[in-house]
Amino acid sequence: MKAARAALPISMLLSGCGGIQSALDPQGHSAILLRDLILVIVAICSLVWLAVMIVLVWALLRRRDREPGDGQGSDRGMRIWVSGAVAATVLIISGLTIGSFYTTRGLNGAKNPDVTIRVRAQQWWWQFIYEDTDPARNFQTANELHIPVGKEVRVRLESVDVIHSFWVPSLAGKLDLIPGRENVLTFRAERSGVYRGQCAEFCGLQHSHMAFFIIAESEESYRQWAGAQRQSGAEPVEAETSAGKAVFAARQCAACHTIRGTAAAGTTGPDLTHIGSRRTIAAGLLENTRGSLAAWIADPQTLKPGNNMPIVPLSSDELRQLSAYMESLK
Amino acid sequence: MLPAVSNKSFGLFFSAGFLLAALTGAIGLGWLREPRQYRTDPPISAALEGFRLMPNAIGGAPPEVYFALGKPYEGTAYDLSQGKRLYSWFGCASCHGEGEGGAGPAFLDGWWLYGPSMVSIVASIRDGRPHDMPAFRDKMTIDQIWQLAGYVKSIGAYSAKLTAPSRNDAPQTRPAENRAPAAILFNEGSASVHPDQGPSP
Amino acid sequence: MTIEPGRSAATDAGPNEAELERRLTQTWSSQRGFWGAVASVDHKVIARRYIVTALVFLALGGLLALAMRIQLARPEARFIDADRYNQIFTMHGSNMMFLFAVPVMEAMAVYLVPLMVGTRNIAFPRLNAFSYWIFLAGGLLLWISFALDTAPDVGWFAYAPLSGPEYGAGKRADIWAQMITFTELSALAIAVEIVVTVLKQRAPGMSLDRIPLLVWSMLVMASLVIMAMPAIMFASSTLIMDRLVGTQFYNPAEGGDALLWQHLFWFFGHPEVYIIFLPAVGMVSTILPTFVRRPIFGYLPLVMALIATGVLAFGLWVHHMFVVGLPRLGESFFTASSMAIAIPAGIQIFCWLATLWAGRPVFKVPLLFLIGFIVTFVIGGLTGVMVASVPFDSQVHDTYFVVAHFHYVLIGGAVFPLIAAIYYWFPKMTGRMMSERLGRWAFWLIFIGFHVTFFPMHILGLQGMPRRIYTYQPDLPWGTLNLFVSLSSVVLSLGFLIFFIDIIRSWSSGRPAGENPWNASTLEWATGSPPPPYNFRAIPVVDTRDPLWSQPDELPVTSGLRSDRRELLISSVVEALPEARESSPQDSVWPFWAAIATSIMLIWSIFSPWAIVWGSVPIAVTLIGWFWPKGAAEDES
Amino acid sequence: MKERMILDVSRLPLHATGTASPTWWGTCAFMLIEGSGFGLVIAIYLYLMSLAPHWPIDAPPADLWAGTSLTAMLLASVVPNIWVSRWAQQRNLKKVRLGLVLMSFCGMAPLVFRAFEFPALHVRWDDSAYGSITWTILGLHTVHILTDLVDTLVLACLMFSRHGDNARRYGDVEDNALYWHFVVITWLPLYACIYWVPRL
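Protein chains in written order, with this note's numbering: chain A, 1 to 330; chain B, 1001 to 1201; chain C, 2001 to 2637; chain D, 3001 to 3200.
In isolation and in its complexed conformation, chain A is listed as follows (with noise of 0.2 Å):
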């Protein structure tokens, strides 16, 4: 509880993004046509309930000179005003069907998009996987995807355990993640910002924090940061994060996680090869501060209950330098 309050909120970082995850505040080519068909669908069916609601009010205050069921002239009257309800929410329902079909057809990504990546969804955090034709080219990251703006962007979804969905109501519509199948979804940033994703299919015991961050930005810091992402991890240059890659090394930390450049090769958990750069940890739980990584370290059960980061007992000292290499690895 205290560690939670004691973890700065991620204000800063949404700040200036307005609804960050918000399907009405689209920023991507699919989530603006969807926004689009969202509006006149509903502008549609509203129209279509103020009218059944005037005939509704109407029929029950209007005054009444005659006897109630006066006999067929007026069940003859109303026939035809049914039939032509009916025939009139035919057509809606067919001009809606034709509107989403082609909705549908606008949202067909390109055939050759620009970047692939791999997301492995699972229990849970977002694996994301940059695939190189070279091999050695390939790294990973977290919870957090970077994407230039105005390209085609493919993701090709899997998941390593139960069922997810991935979900940038900013950028595009929402794609399952089912194990033993691979879905692709293919979207497009119109401006850079940083949008938030949710997984949005229930998935168990920490659902509700199993967010990550897209950050599209121009073609040009992509690169870069793609480039820094496939340097090995940062070599300590202090006493303190030297004694941290140390304490790293010599705890449980190394068995579940993958620093590129050190021994620790554990794939259970989040690649933290270059853990310092990104925004947030804990899967969007908490943004990227050296006290929240050290909160996190000390007692990940009571930040995120149930998840499959133990509590790793460690001393203060301990838990300050290994916090600092962690920041370190930018």
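Mixed in with the good hints, there may be bad ones.
To be verified - Partner residues are not named here, just some residues of chain A that face chain C (Cβ under 10 Å, in silico):
| hint | residue |
| --- | --- |
| 1 | Val42 |
| 2 | Gly99 |
| 3 | Arg137 |
| 4 | Asp176 |
| 5 | Arg191 |
| 6 | Trp225 |
| 7 | Gly227 |
| 8 | Leu319 |
Note that these hints are calculated values from the structure, not bench results.
For glycine and all other residues, C-beta sits at the position ideal for the given N, C-alpha and C.
Given chain A, put chains B, C and D in place with the hints provided.
Then chains B, C and D, alone, in the frame of chain A:
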């Protein structure tokens, strides 16, 4: 229809029986009650380290706290299934296979080189054993080791526990843990069942 | 007893009315005391039990909802932890769908259908008793497991593989799956009874085009149950088999498929919505004419719409799976079919509006709830059209928009009519009126509370809030609306509280109601309130759709049924011409024992496959005891 | 409300027979439920087959002899079954007794072959989805044979008891015969699925 004469005694008899059945049901379910523990308090973790091992490193006494907790690692489905995940995450299968053994001894045959007690299994994992069983004390936390030990102990059982894990969503190499008795599933193969692993310490 | 059939001494033609009533009461009533109650096969007794039990589950489910709203009122609140929250929302959904909504609708059918078609008991009354005990056992199983911290935590549609052997440790998912088996078993039993009661036991002259709309809707509902429930029974059984004996239905690595579960579940799950909604349509169509003082407009189109909805219900399950990545062509087909369901729904709404238009509304509580129903359900239907569109759905699927949508459909579309129905038929069931004053309070609190609780959820969903999250971070722009929703839910609960208070108060001390307090037109109002154990002193004869309106002073009836044994009139399927006098079974405790034996087998089979073998033996014994003739008058013919 | 007698039903028969009987309709409803179940397992079988690269998965097609003999036996049992139904219609107690004893054997004999059908699949239920669905189909159908067998046995006992000679009992015999037809007819597509579809 019950005859009206004996209705009263019948009623008494059956309502007693019905209550008894309901009670049995509740006890049965209560026996399986599993308030899952996701977070082991650091003091408890520390206490779990403090088991006493016999001088010959076979058998010993678990710490008091283990009994106070109700021996969770052997009996609760959640801990056993976590143990199963740890078994694959920490590469146990590379030597012990899916329990049928390999470079390391088998578990499914119910034969324990260092005795079947939880404590000696925990000690084997934590501290390692001769003939290439590595120590995992730097790779796993103590509560993970207890979870793993509970799982390892359970797959050697001669009768399947109700709380034992079921099959995985993966290619099947052997029947699931809850389909024991393990001895029947154990395929002796060409190797001898209890290979001589050197002198017991 | 050897009384020659046809002799006037034993039939209803001979004695005077008081003597006849005494004889019929003796023949038809249940014995006193605990075992008499357990053995009762009177459809009214069982239905009342069913309704009360279902309403208890409604109240419990409501409490769960309140707990969730407290947790969600603030970001990162720690009122309930993640594990408990997951159990609670699973319990809430499963409880409301399987233990409240479907059973309560069926229970209304069990109570009303025999009365409305003018017969003395439901078909297969012992099966009916069995069905109640099985339902009760399923409900107890779920709630006891919740009390013992082993409640299912996988959501009410329990997607594999999360609910499967690897990720669902313990017996939590098994308890969910077996609870489904219990409730489906009871639902299937009732469906068979209703179909046969409607087709074979109608009063003479009640041809298919004179059946009250409620009965029509229950007939369609029962057919949907018969066609849809096998899918979920199969799904839940295979899930248990995957978990217990290691079958591979949902394991993609061995040729199974995770999506197979979704296909099976939604092939049942979508018709399930109509299983709940169609009875509500029937209720509205039956109650509305009474309060606008004219017959329903468009009887035939309404019947056609009911049947069309029932048929279409099987063609749109995939719209629950629009984001799993199915081929485009399939999705377009299912968009079209999901949209098409709006046509029968539209026909129903327009016919009701026309009926209102042409009638003279009397603003009693049932009518208020019907108006609330139209206002609310139209929104639910329109948001349904929205989620039927694949691209629209890709943004709102599994968000609070969908949560809002189905609460509009289920509460607005089914619970509002249900409350109207309870206010409407309460005098018939208990002989006492509910309070008009409390009813108005309940209506306004529920109506306003409902909209302020659920309407903002549409916006939350569009703002990106996924469903089934136990908390959210303070930075996300959802806090204010969530707090508002949580506060509003208190208003809604208050409305339900008043409704429950009204029920309890009126049951003991409500104003006595006569035979027909609303001056309604259907047959159930032609007998006492509450109806005597034999329902009708003499079976009515029907020659119009609104028998009590066409001949307000006199009821044409038949004579010649025996009064010394339980006897029903069997009539032909289409025209309801009398065909035979069939005996109706006596009270029996065997259905109770059969239900206990079945429950033991089902619960045991969560733990061991051998339960199927050994558990079947007591079931067979109890079933033989059930069917073995005891030499009573009912066994002869 | 005042009542006016306009119809006397006292001369109607005391028991509705054939399609007029509610029990007949109830039996049909249950057959519809179970028929939906069988339709469903066939659909699942074909669905799983459509997903698999090879079918059967890691197993040879099932051996034909046990299943085919069982099918022949079931088809042959239709004849005595029709007789029983007809005798019941004629209310011929002696023949009905004989027929029910005969049908009890007709119910038991297929079970012997069924016992050989499971090993003839050459796959266990937990080996693959193919094994799971075929075992489930066989199991489900076996349950139906068993249910009808128990029903037949109980009815046979009833017919030899003092409750036997009763219109209601004859109706039960007819419904039981109807159900056996259902058990036989539903087996044919299942048989085709298990034994012939993998050979196509």
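Hints that the structure is at odds with (numbers, increasing):
Failing hints, ascending: 3, 5, 6, 7, 8.
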